[in-house]
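Could you build the full structure based on these sequences and the hints that come with them?
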Amino acid sequence: MTVVAPDAAEPPALSGMTMAMRQFVGNRAAVSGIAVMLAMCAAAAFAPWLAPYDPTVIDLPAKLSPPSLAYPLGTDHFGRDVLSRLIWGARVSLMVGLIVVVFALAFGVPIGLAAGYLAGRVDNLLMRLMDAFLTFPPLLLGVAIVGLLGPDIHNVVIALGIAQVPVLGRIVRGSTMAVTNETYILATRALGAGSTRIVTRHVLRNILSPIVVQLTIVFSAAVIAEASLSFLGLGTQPPQPSWGRDLSEARRYMAEAPWLFLAPTFAIMLCVMSINFVGDGLRDALDPRSWRGQPVADPARGQGA
Amino acid sequence: MSLLVVENLRTEFPTGRGLVRAVDGVSFRVDAGEVLGFVGESGSGKSITALSLLRLVPKPGRITADGMRFAGTDLLAATERDLRQLRTRQIGVVFQDPLRSLNPVLTIGRQLTETLRRHLGLSGNEARKRAVELLDMVGIPLAAKRLASYPHEFSGGMRQRVMIAIALSCNPRLLIADEATTALDVTVQAQIVELLRTLIRELDIAVIWISHDLGLVAQLCDRVSVMYAGRIVESGPVRQVFRQPSHAYTVGLIASTPRLDRVGHRLSTIEGLPPDTTRPTGLCAFLPRCGLSVERCRQAHPEPRPVGPDHLAACFAHEGRLREGFPQ
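So the sequences go chain by chain: A and B. Going by the numbering used here, the first residue of the first sequence is number 1, and it counts up by one from there. Going by the numbering used here, the first residue of the second sequence is number 1, and it counts up by one from there.
Treat each hint with caution, since some may be false.
Calculated pairs, EDC-like style, for lysine to aspartate or glutamate (alpha carbon to alpha carbon, straight line, at most 16 angstroms) [as the list claims (entries may be wrong)]:
1. A:LYS63 x A:GLU256
2. B:LYS145 x B:GLU133
3. B:LYS59 x A:GLU182
4. B:LYS59 x A:ASP123
5. A:LYS63 x A:GLU249
Covered stretches of chain A, going by a simulated chain B footprint (3 or more residues, C-beta under 8 angstroms) [unchecked claim]:
6. 188-195
7. 202-209
Everything labelled a hint here was simulated from the structure, so no lab data went into it. Just so you know, even glycine gets a beta-carbon here, dropped at the ideal spot from N, CA and C.
Pasting the structure below:
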């Protein structure tokens, strides 16, 4: 609690957005996270130009070559260039992550807000529905839906999206309930604000931090789940490249060609880690209470989400 | 002409233990420009009475009344849309805890201008100008710069000033101050009271002042209603009530107020706890704690009766006994 001395040297008044940006930029981990994410997105977008080889062309004489100048990350058991497959695979992984995030956002947030704000019967109905979905392990739900609709990347996205909605929905509901019971919401109602305004302007703005943090987790989970489902042969179908699919095939050559599994593993790890750093940075930047007076290089750890 | 007339207001909460009668048949009126105090201990129904006026009682509360009219509007029949117009534009509220009454993630300016723009239809610039005037009015220095501040950058007293500015932003005719100074320390409390006193005089608005600080009520209010277990047990002009308390509970309340001229004396207290309102006894709710009760208290429920000009009390205890005061 800082008591602002009225005659203290006044820093120029900055808008909330500017301050939030400053906080984010001052967070080294978050900035490197976003740099890595942007680089990965660029690689995915410009794959046809960036990849040195066609990721599906088989060159049996060159199979399982170790990293060299010709093949920077070596080749797989069909002689396909690992780097090229990695770059093309980013398309699948990032797209799956992004679509699942949008899916979870589009359904989870409204459901959670409605349940948390309206409470009572609406809450009961929506949450029992969410519970029903939550009883299935997400991967099993994915296997079931893909089994039902056929092994295809689109079905994987649908399955992962459905699995993430109740998780986000529950978090949004809990945060909404906590905020709705705050005096400032009562005060806002006493100022004549209607429910729509209260929910969209006041409640939502207060629960952005947990939502953003959860979305980064959803993104990571989707990337990993896509990898897992492809690993099981349910997602991306050969010969299409995907990080998970490639990892699954690499396991058979772990001893003689370790670069084969190291490359996709490292890609997944880097992707998930950077998105988590971005999430942490966003969480701190979105909460004015955790702001520091001056942006500093050291990532400021605010209150928990 | 009374600004606000409330007749037989009841606010009840169905709970697992039974029906909680938080407000149990309360009637009062507030005239234009008048300051009415509500006193009573925690849980006596003061705040719920105030929230009932704005129909802001939390679920599953139910409000009934024989009449509840504010400046010609029937508050019971009003639609949610009417009520939204009424809140702030006609009736402003300042809550007890300034640390929690402001949205922590929105700037002070945003919270002020949002109300101004919505209710008064001001443009962004006009609203900002008015917001600066309002912050000036409540004594916040460098108001223009403070608009970009967040609530956590303000002290408790400053936040309460902001709350007052917001509550008064649309020139309401009635201000409800629900324990507006309770959460503040004594010196800040004195400043806020002084500020409110000045504003009440300058803006000529009616005020419902809810407090358990009898001293503040005596300073600020024209009339006072003493609440106990959801009912008004005594009401009247402030001087009259303090000089001649006519309900055993009021006598006890006054006796338990610290006084500078009695330093060294043990502070008297009212033994026991407020009653469980789920099980009305049909007798005076204060009876179990009352040290002044008479035979009739155990036979019938006391109804409010005049004990002086505009002075009502619902108590059977004989005046003589009341004057002797609470047994120590």
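Each hint, compared with the structure:
1. Only pairs whose Cα atoms come within 16 angstroms are accepted, and LYS63 of chain A paired with GLU256 of chain A is accepted, the gap being roughly 12 angstroms.
2. Restraint check for LYS145 of chain B and GLU133 of chain B: the C-alpha separation of about 12 angstroms stays at or below 16 angstroms, so the hint holds.
3. With a CA separation close to 14 angstroms, the supplied pair LYS59 of chain B and GLU182 of chain A stays within the 16 angstroms bound.
4. A hinted pair counts as satisfied when its Cα atoms are at most 16 angstroms apart, and LYS59 of chain B with ASP123 of chain A qualifies at roughly 14 angstroms.
5. Under the criterion of a C-alpha separation no larger than 16 angstroms, the hint pairing LYS63 of chain A with GLU249 of chain A is consistent with the structure, at around 14 angstroms.
6. For the segment 188-195 of chain A, the assignment as covered by chain B holds, since 7 residues bring a beta-carbon within under 8 angstroms of that chain's beta-carbons and 3 suffice.
7. Under a criterion of three residues with beta carbons nearer than 8 angstroms to beta carbons of chain B, the stated coverage of the segment 202-209 of chain A is upheld, 4 such residues being counted.
In summary, the structure agrees with every hint in the numbered list given earlier.
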